[in-house]
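Engineer: What follows is each chain in one-letter form.
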Amino acid sequence: MYTQGLDQKTKTSDKPGPLEGPEQLAEFQARVDAEEKIEAKDWMPEAYRRTLVRQISQHAHSEIIGMQPEGNWLTRAPSLKRKAILLAKVQDEAGHGLYLYSAGETLGVSRDQMVADLLAGRAKYSSIFNYPTLTWADIGAIGWLVDGAAIMNQIPLCRCSYGPYARAMVRICKEESFHQRQGFEIMLELSKGTDAQKEMAQDAFNRWWWPSLMMFGPGDKDSKHSAQSMAWKIKRFSNDELRQKFVDVTVPQAQFLGLRVPDDDLHYNDETGHYDFGEIDWQEFLDVLAGNGPCNRQRMAQRTRAHEDGQWVRDAARAYAARQRAKAA
Amino acid sequence: MSDALLRYVLRLGDTALVTAQRMIERVAGEPELEEELANANFALDYIGQARMLYTYAGELDGNGADEDHFAFRRDAQQFRNLLIAEQPNGHFGDAIVRQFLFESFYVLLLNALAQCSDARLAEIAVRAEKEVRYHLRYAMQWLVRLGDGTEESHARVQASLDEFWRYTGEFFTGDDVDAHLRREYAGPDLTAIAEEWRKNVAAVLAEATLTAPADVHMVDGGRAGRHSEHFGFLVAEMQHLQRSYPGASW
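Protein sequence lines, in the order shown, are assigned to chains A and B. For my numbering, count along the first sequence from 1 and bump the result up by 1. For my numbering, count along the second sequence from 1 and bump the result up by 1425.
Because the hints were derived from the structure by calculation, they are not lab data. Errors might be hidden in some of the hints.
Unchecked claim - Ranges between beta-carbon positions, derived for each pair:
1) A:Ala121 - B:Ala1637: 41 to 49 Å
2) B:Thr1634 - A:Ala329: 15 to 23 Å
3) B:Ala1627 - A:Asp288: 57 to 65 Å
4) A:Gln312 - B:Glu1609: 50 to 58 Å
5) B:Glu1609 - A:Gln299: 48 to 56 Å
6) B:Ala1637 - A:Gln312: 47 to 55 Å
7) A:Arg123 - B:Ser1653: 58 to 66 Å
8) B:His1655 - A:Lys42: 48 to 56 Å
9) B:Asp1645 - A:Ala291: 52 to 60 Å
10) A:Arg326 - B:Pro1513: 43 to 51 Å
11) B:His1655 - A:Ala291: 53 to 61 Å
12) B:Ala1649 - A:Ala197: 31 to 39 Å
We put the beta carbon where it would ideally sit given N, CA and C, even for glycine.
Construct the entire structure; sequences and hints are all you get.
Structural biologist: Put into structure tokens, the structure is as follows:
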């Protein structure tokens, strides 16, 4: 559903490894500058590989954890049509997780290892999924805002220098754009509905607006990995540029829906042609990132439980496959 | 029995919807990502079937009822699904055994319905049969893997089989609605289906090194609206928004 990992601190060193001479690095950079795609078998700096593993696996984990808040309303979706659409969306997310883990595997890390890193708390997922879905309107707000922000982040990734990731993103972006439309459509239906439905929509908007802005990561002045990721053409626009673009696109949509943006400082700036907006509560962002959001524990507990409950099934499949191989030999 | 066709179509729709609802409860809890995709896909097929069947039921009913009327505005006792569909999920092996037992029957039923003389029902059955044939292949493959996997997986699915077997009698008992459909619309012959089901199931169980339980007392009642205690909760959860905000459009 979305990436946030580019800017996070990592314990691994980004210093070049011993085999990476300046000439080799320059040659690699020249290929990137010429907009050539780097493929799995090509030589790449170790730090480039590690950055991609971190980002792709985090993106994959976000898709998988992101199934939980939306899955929370599957059994209660208000019509059969909405139930089918939401289920198709959640299924797409599982599919995105699968492509992304596969893209990650091209960099020499197994899916099992990436999953183990998530469960051990060594890998992160997008913090947005640590917020709860309390009403049906939250399903609309997630599609409209969270997927909307994800698309802003992800469209440039379709041109990412690493070929397997860029190609996975092309397919993912097509599906995300459908997800965003279904979210907006839920909000539109609520905005035309009863007073109770309008209130539900406004309440969901109030709760998801600021966390959606946080999805773009820290402001440019605090962003750790941005410069290197830009040089490697993994990242194409800065966090603040993307955030501004999202605000500019979303505010008129909120107005169309008859929703009030929960920001008293928001106004259109005639000189810049952009919306100016209030200060983001970065302490909240850091708290959620540190594991203290409303649902961090719940999300990890559910993922861990599903993984552990499935152990006997995976063991059985392996035992059966081994026996079949032995029979065939 | 002028409403026999309507009642028959609603039974099929109810079983499809309740099956989907139990599958949906398992989303984000599957043992592997591939199983996550399969489970969601099967649930989507069942929702699709329920929608087609309920839409047709609304037309037969002729009082302007739409698909959501049947799903969201009837109380638990008005549902006529097979009892196996509503049983709580348990673990992955339970889900596979339930799916295998039911779909081994359902695929034969749909196959027969595809030949019935009601064109609309036959058309729905043709489409559903294609989907369910694929689901059944998946369930069979997993049943064999689990039955013939490890000691633990074997013991677990054998216990699942012992638990769910008692709901299979209901597939074949038939009542006046089934008899009407057979007579007036060249509907399914449940006796012939039962025979084929037993043969097919026995072959897969043998491959899975599992044993069909003997002398099981069969449970019945789904078609009379006599459900398990669990069912009221499934319906209450599913209908929550439609009940809390009557008349609202979503």
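Engineer: That 57 to 65 Å hint for Ala1627 of chain B and Asp288 of chain A (C-beta), does it hold up?
Structural biologist: This hint holds: roughly 59 Å between Cβ atoms.
Engineer: In this structure, is the beta-carbon distance linking Ala1637 of chain B and Gln312 of chain A contained in 47 to 55 Å?
Structural biologist: Taking Cβ atoms as reference, Ala1637 of chain B and Gln312 of chain A lie about 28 Å apart, which means the hint is violated.
Engineer: So the hint says 43 to 51 Å: do the beta-carbon atoms of Arg326 of chain A and Pro1513 of chain B match that?
Structural biologist: violated, 36 Å
Engineer: Should the hint that His1655 of chain B and Lys42 of chain A are 48 to 56 Å apart at their CB atoms be regarded as holding?
Structural biologist: holds, 54 Å
Engineer: Could you tell me whether the CB distance from Ala121 of chain A to Ala1637 of chain B stays inside 41 to 49 Å?
Structural biologist: Hint holds: Cβ distance 43 Å, inside 41 to 49 Å.
Engineer: Kindly confirm whether 58 to 66 Å is satisfied by the beta carbon distance between Arg123 of chain A and Ser1653 of chain B.
Structural biologist: violated, 44 Å
Engineer: Just to be sure I understand the hint, the distance between the Cβ atoms of Glu1609 of chain B and Gln299 of chain A should be within 48 to 56 Å; is that true here?
Structural biologist: holds, 54 Å
Engineer: Given the range 50 to 58 Å, decide if the beta-carbon distance of Gln312 of chain A to Glu1609 of chain B lies inside it.
Structural biologist: holds, 52 Å
Engineer: So the hint says 52 to 60 Å: do the beta-carbon atoms of Asp1645 of chain B and Ala291 of chain A match that?
Structural biologist: holds, 56 Å
Engineer: Per the hint of 53 to 61 Å, is the separation of the Cβ atoms of His1655 of chain B and Ala291 of chain A within bounds?
Structural biologist: violated, 40 Å
Engineer: Evaluate the given range 31 to 39 Å for the C-beta pair formed by Ala1649 of chain B and Ala197 of chain A.
Structural biologist: At 37 Å between Cβs, range holds.
Engineer: Taking 15 to 23 Å as the hint, is the beta-carbon distance of Thr1634 of chain B and Ala329 of chain A inside that range?
Structural biologist: Given range 15 to 23 Å: holds, Cβ gap about 18 Å.
In terms of the numbered hints stated before, the structure departs from hints 6, 7, 10 and 11, listed from lowest to highest.
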